[in-house]
Amino acid sequence: MLESSSGLVPLQAYLLLAAMLFCIGVWGLINSRNAVRVLMSIELMLNAVNINLMAFSSYIDGDLIRGQVFAVFVITVAAAEAAVGLAILLSLYRNRVTVDMERFNLLRW
Amino acid sequence: MTIATSTELICFLVLGAVVVLGSLGVVLLGNIVYSAFLLGGVFMAVAGLYLLLNASFVAAAQVLVYVGAVNVLILFAIMLVNKREDLKPIEGLPIRRLLSGGVCAGLFVLFFRVVITTPWAVPGPAAIGVGATERIGEHLFTDYLLPFELASVLLLMAMIGAIVLARRDVLEVDVGTGDAVNQGLIEKARTPLLVDKSTP
Chain E
1 MLESSSGLVP LQAYLLLAAM LFCIGVWGLI NSRNAVRVLM SIELMLNAVN
51 INLMAFSSYI DGDLIRGQVF AVFVITVAAA EAAVGLAILL SLYRNRVTVD
101 MERFNLLRW
Chain V
1 MTIATSTELI CFLVLGAVVV LGSLGVVLLG NIVYSAFLLG GVFMAVAGLY
51 LLLNASFVAA AQVLVYVGAV NVLILFAIML VNKREDLKPI EGLPIRRLLS
101 GGVCAGLFVL FFRVVITTPW AVPGPAAIGV GATERIGEHL FTDYLLPFEL
151 ASVLLLMAMI GAIVLARRDV LEVDVGTGDA VNQGLIEKAR TPLLVDKSTP
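As given, the protein sequences belong to chains E and V, one line each in that order.
Start counting the first sequence at 1; every next residue gets the next number (the numbering used here).
Start counting the second sequence at 1; every next residue gets the next number (the numbering used here).
Read the hints as simulated data drawn from the structure, not as lab findings.
Ideal Cβ placement from N, Cα and C applies to all residues, glycine included.
You may find that some hints are simply not true.
[To be verified] What the simulated footprint calls covered on chain V by chain E, stretch by stretch (three residues with Cβ under 8 Å from a Cβ of chain E suffice, anywhere in the stretch; the number is not a length):
| no. | region |
| --- | --- |
| 1 | 12-20 |
| 2 | 53-64 |
| 3 | 129-138 |
This is chain V alone, in the form it adopts within the complex (with noise of 0.2 Å):
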């Protein structure tokens, strides 16, 4: 056992260690702001995995795309709904989570023997390493250069979709005449339209 793959093997035991129980954490802990933190964790975890796999480029990606825009949005969107509720309790609940824990585990054994039993082609070729870069571009701009586009127009959609949703229509002066505006016409700040008047 050399230095560097005992190395190998210490640093995906320890992202791997990480992933799990950061997960379980995302999804186990009560308070949702830890949550969110314990994802930001699990997705460098994530991206230090795809360096051990050779994928310097896409761990960048993972960092700047996942890290700062994903887990920074999500903790916005707790910071905007961030009124401390309390939840119904309804019934049948911890038999509920047990069914679906159970269900969950026989996804995971099945998994488990799929990846166990099939011969699997390895070794492959060669990792190509540091070229890997400059591999996924000449991917980007010759055989995948139509998913490219149409990556382009989906994220304009998105975008133009994100803001018409979250959008909120309420001013109270005109920006152009600085008159009143007639608010009879416009969804109320603290008016919702759809609350269910049985459940207080």
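So here's chain E without its partners, still in its complex pose (with noise of 0.2 Å):
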């Protein structure tokens, strides 16, 4: 498998598809409405994250490989987290009926 560290695909091409994915996340992060949106938008951005530790990993680190270990702690953070926050997003529908982030102001000024 020694390819990869000297193959064709330059360890930049993984670092830009990662900043790319991050930004389609914070993009939708800001812009989507629905709740469940959100959530979705939030996944993106933790699977760029991570795509930039396993890039390091295997081009830089490719001994000790501590960037998949963070990664394995990022996919259990966020499946944590997704959990939590669908959780959240019943418990909120139950008592606003709806998904509609622009209406969710009960801690708004």
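Fit the two chains together into the complex; they arrive one by one in their own frames, and the hints show the way.
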């Protein structure tokens, strides 16, 4: 598996792909009006970070793959976040009967 | 250019296109169900990228956790809150979208410049490939033992928290005695508490 560290795809390609995915996630996080879509955008951003970690782990830290360990932890926290986030969303929907982010204004000044 | 490198390049280009177009679809499509299924496709493509990066264990974990658990959870949430509602139009929405799009494009340009100008220390040591799973196990039980145990506590807390938050205590009859339950003390199934009366 030596090809990938001296192969044709450079490290920068993975980093740019991850940056693009992260920016799309940020845009979706800001602009979504459906609360479920906001959670999806957060998952996209976490995946972008994971791609970065794995790229560094494979290209720079190929011997001690610490990036892969961190990616496992990120996946764990993302699963917990999705479960709690969707439970909060269900509870909110039960009280407000909407998923529109513009109407969740209970804490707004 | 050998067959291995050209195959790697083609796989990277295809998976990258799937990731970018799929995530754009997740963010931009009108129907939330299409977005959820596209999100599953994006997760699978990211798992493919992990395979290209010599990480078979994390690719399997990605498929199991994201596609198998998170995506199914999102689909269930969509099913439970599936009420067709017409979102009230708010003024200045296109301007808001353009402005945030500009901010995100600026962020991407910043990332682009950082990625291009930083002298990365490549090539590093050769990737260990198949032995990665064993190495992850060694890490998890030696120098990352404390985060590993904390992750188990975190998952337990998240599970209990999700159950408590999503539970609804509405029972018609008492499970133990069979008598009718005093519904005055319990949140009704169909009466929301905090609906703002001003906006219908």
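Hint-by-hint comparison with the structure:
1. 12-20: holds (count 4)
2. 53-64: Since three or more residues must qualify, the claim that chain E covers the region 53-64 of chain V holds, with 7 doing so at under 8 Å.
3. 129-138: It holds: at least three residues are needed, and the region 129-138 of chain V offers 5 whose Cβ sits within less than 8 Å of chain E.
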